[in-house]
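Construct all of the structure, not just a fragment, from the sequences and the given hints.
2 protein chains.
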Amino acid sequence: MLKLDMALPTHTTKEYPDLSHLPHVVIIGGGFAGIAAARGLAGKKVRVTIIDKHNFHTFLPLLYQVATAMLEPAEVAYPIRTIFGKANNVGFRHAKVREVVHARNVVVLEDGVEIGFDHLIVATGATAAFFGIPGASQFAMPLYSLADARKLRNRLLISLEEADASSETSPMSLNFVIVGGGPTGVETSGALSELIRTVIKRDGLRIDPSRVRVMLVDMAPRLLTPFPEKASDYAKRELERMGIEIEFGRSVVEVEERAIRFADGERLKVAAVVWAAGVTASGTLAHDLQTTSGPGGRVRVMPDLRLLESENVWAVGDAAAVPLGETEFCPQLAPVAMQSGRHCAEQVLRVLSGEPTKPFAYRNKGIMATIGRHAAIAKLPGGTVVKGTPGWLAWLGLHLWYLVGFRNRLRVMINWTWRYFDWPSGPRLIVADAETAE
Amino acid sequence: MLKLDMALPTHTTKEYPDLSHLPHVVIIGGGFAGIAAARGLAGKKVRVTIIDKHNFHTFLPLLYQVATAMLEPAEVAYPIRTIFGKANNVGFRHAKVREVVHARNVVVLEDGVEIGFDHLIVATGATAAFFGIPGASQFAMPLYSLADARKLRNRLLISLEEADASSETSPMSLNFVIVGGGPTGVETSGALSELIRTVIKRDGLRIDPSRVRVMLVDMAPRLLTPFPEKASDYAKRELERMGIEIEFGRSVVEVEERAIRFADGERLKVAAVVWAAGVTASGTLAHDLQTTSGPGGRVRVMPDLRLLESENVWAVGDAAAVPLGETEFCPQLAPVAMQSGRHCAEQVLRVLSGEPTKPFAYRNKGIMATIGRHAAIAKLPGGTVVKGTPGWLAWLGLHLWYLVGFRNRLRVMINWTWRYFDWPSGPRLIVADAETAE
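These protein sequences, in sequence, are chains A and B.
Using this note's numbering, the first residue of the first sequence is number 1, and each one after it goes up by one.
Using this note's numbering, the first residue of the second sequence is number 1, and each one after it goes up by one.
What the hints contain is simulated information worked out from the structure, not anything from laboratory work.
Note that the list lumps identical chains together, so a pair holds whenever it fits in one copy or between two copies.
Straight-line Cα separation of at most 20 Å, EDC-like style, residue types lysine to aspartate or glutamate; simulated pairs:
#, residue 1, residue 2
1, Lys-269, Glu-245
2, Lys-96, Glu-168
3, Lys-236, Glu-247
4, Lys-201, Asp-18
The following block contains the structure:
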C-alpha cells in the first residue's frame, strides 16, 4: 500500500494538529501587514487565525494594471490559505468582522459567531478618502480592491465600445479624469492613456483620437509631492508626452454619474472619474476601536505597535498611525505595512514569553512610481532620485520580487515581457456577472 | 519622419477603408459558428459586422475548468476584435439585438439603432434547457457563459469556506448535485470532485471528506448516451472511482435555493445544483424568427443553411436545425457549428456572385469527453472508441488546437502541465463584484 502511494504524484497535505493549548493570535486583514504578521508567527508556538472578507491577498500596487487590461485578476491576487499552505499553525476564516469587543477579548463576525483571542492584530488597511465630496463615493471609481479594478476595466472598455458605435451617427467624446497626482494617479493615467491608444490602433476602433482626453487633476501645485521637485517635473513631462493633460490647483466639488464639477464652475462630461485622491482609515473597524483617532482616521499606537492603553491589541499597516520619531507618523506605504507586520509578530512572541517589547523603527527603503514603458522614478533612502530606464527596471524587479507566489511572478513576468516586445492581445474582456450579464 | 517611425516598435494598425459600396453581411453571435462564418468572409468583397452582447468569444468546452478553478476566465475567452485584428472588412458591434425585421432587412439593437444588412447570419447559439422545472432557471447553475462559470466557482469556493467555518461548532454537510450525464455533466462532476479533494487536502480545510457528496443524476439509464454502452460503463467506473455517486432514472421536480427535490419524493439539501441537462434555442432571437420551429426550438433551415422561405437570412450552429440526411438533424456540437459557419460564408459569397448554393454536408469528426487525469473517451467517426490515456491525450491536443489565440493556447498548456505534475496553487479566488463586495 505504501509502495502504491509513493508511485502516485505526491501532494503536500496540510493537517491541523490540535493546537488548542497554544495562545490564539487573531489577525484581521490579509493585506501586506497582516500577511507579514502571520508569516512572523508561522511555525511558532502560537495558533494563528487570519480573518478576511476576501479569500485572497491582493497585490495593491499592480491593481491599476488590472484596471487597464494589462494583467488578469488572478495575477495580482493569491489565496491566503495557499500562502500558508505549509504552516500548520496558521488558519484562515473567510468572514467579515462586525466588531471587536475588547473587554471580553472576542472578535464578533457578521454572522454573530464570536472568536476569542489572546492577542489581536488589526491590519484592516485603509479605504479611498472621498473628503465628503458629493457623489464621489457613489460615482468616482477608486482602485482599492480587485472588484474596483474589474469595475473600472469594464467601464473603460464599454466606453470605448460606445464611442466606436457612435461613430456612424454622432461621434461622442471620451473624457477620463483621474483625480489625484500621487503614484496611483500618475501610474493609472499613464497606463490608461497607453490602453486607449493601443486599443484604438490595434482593434481598429472608429474613434478619432482627438476626441479622447485623459486628464489628471490635483489640488496641489505638482505631481508626486513626496518626491523632489525635479522628479515631479520629469513625471509631468513624461505624462504630457503621452498626451495626458495635467491641471494643478483644481478641486472637485461634485461627481455625477457621467460628469464632474470643479470649484471654478466647469462641468465636464466624463466616461469615468478615477479616484486616486488619497486614503483614510476612518469608518473602518480600526477606527471604531478608538474614540480619539490619529491622522487620516488611523489608530494611535504605542512605539511597540500596541494600541494606546491596550495589553494585547495591536495595529499595523495602513490602519495604524505608526510613530516616526517624536512628532511624525510613517507614511501609508507597502514597506511600512510589511515591516510593521513583521515587527508586531516579534513583539507578540516577546510578550508571550515574558520579554519586554521593542519599539518599531521604520527602515526607509525609498519610494517609486512608474509612468510608462522606460519611464519611472525612484527616490532612494539617501534622497537620490533615479529616473528613466534604470528607475523603470528597479520598479519592475521590486514589484516582481514582492508579488506573492512563484506562479504569479512567472505569469506577470511573461505578460510584461510579451507586452514589451509587442503589445499583447491581452485580457480586454468585459466580463459582467451572471446577474447582470443575462 | 518615416525613419523615426520605423525605429519605433511596429504595431499592426487596423484601418477601416471605406467599404460602404460592398454588400453588408451581419452576423449575430460570436461563438464557434459566428466566428467561423466571419473567418470565411474575411478579406472577401463584403463588409462584415459581428454583433454580440459580449466583446469576446468564449471557448465553451473549457468553461467547466473555469468553474472548477483550473483556468482563468481570460484563458478561455478572446476579444472578438482581436480575432479579426488583421481583417479590415470585419467590424464588431458590442450590443444586444432586440429584433430582426426581415421585411426591411434590418437588425434592431436594444438601444433602438437599426443596422441594415444584405445578408444576415444568425449564430445565436442555444441556452440551458430547464424544461419548465420549478426553480431550475432561478437556482440551478448552468455552464453556458463566462459569467455562469464565475458564479459557480464563487459558489463552490464559498461553500467550502462555510463548511470549514462550521467545523468548530456543528460541521455541515456539502452536497453537490450535477443534473445531466452528458459530456458537460461528466466533465464537471469529475473536475468538481478533483477540486474539492485537492482544496481540502492542500489548503487544510477542516472538512471531513465523508461529509462531502458529489452526485451525478440523470433520467437516462446510462452516461454519455451518444457513446456505445461500453464507453458509458467505463465513464461510470472512472467517476465512481473518484467517489462520485451516480444515480440513473432520477428526475428532478424542483430546485430550491439550497435544495433539490426528486420525483421519488426525496428532498436533499445542496450547496449547489449544476445544470447540465441539455440546451434549447427556444426563447432566443433565432427562435423568434420562425413561427414553426424545429427540434429543441431551433430554426429550420434549407440544406444550404438558408432559413425556410428566405433569400438572405441564414442560420448556423446550435441555433439552427441543420439537416442531416433526409429525416435527421445534426447534433449541437462545436464541429457542426464551425463547419456550418464556414459553409454558410461560402454560400453567401456564391449568392453574391450569382452562383447556385451547395447543400451543407456534415463531416463527422467524432465526439469526446474527459473524466479526469488520464481518463477520457473519444468516439471516432468509424465508431471506434478510444479510451484512457490515448483518449485523454487526444482530448488535450484537440482542445488546445481549437482554443482561439496563440497566447491563450500557451497559457492553458502551461497551466495544464503545471497541474499535471503538481496541483497548482491556482486561481481559487472568490472575486465578487464591486457592487456586492463592499
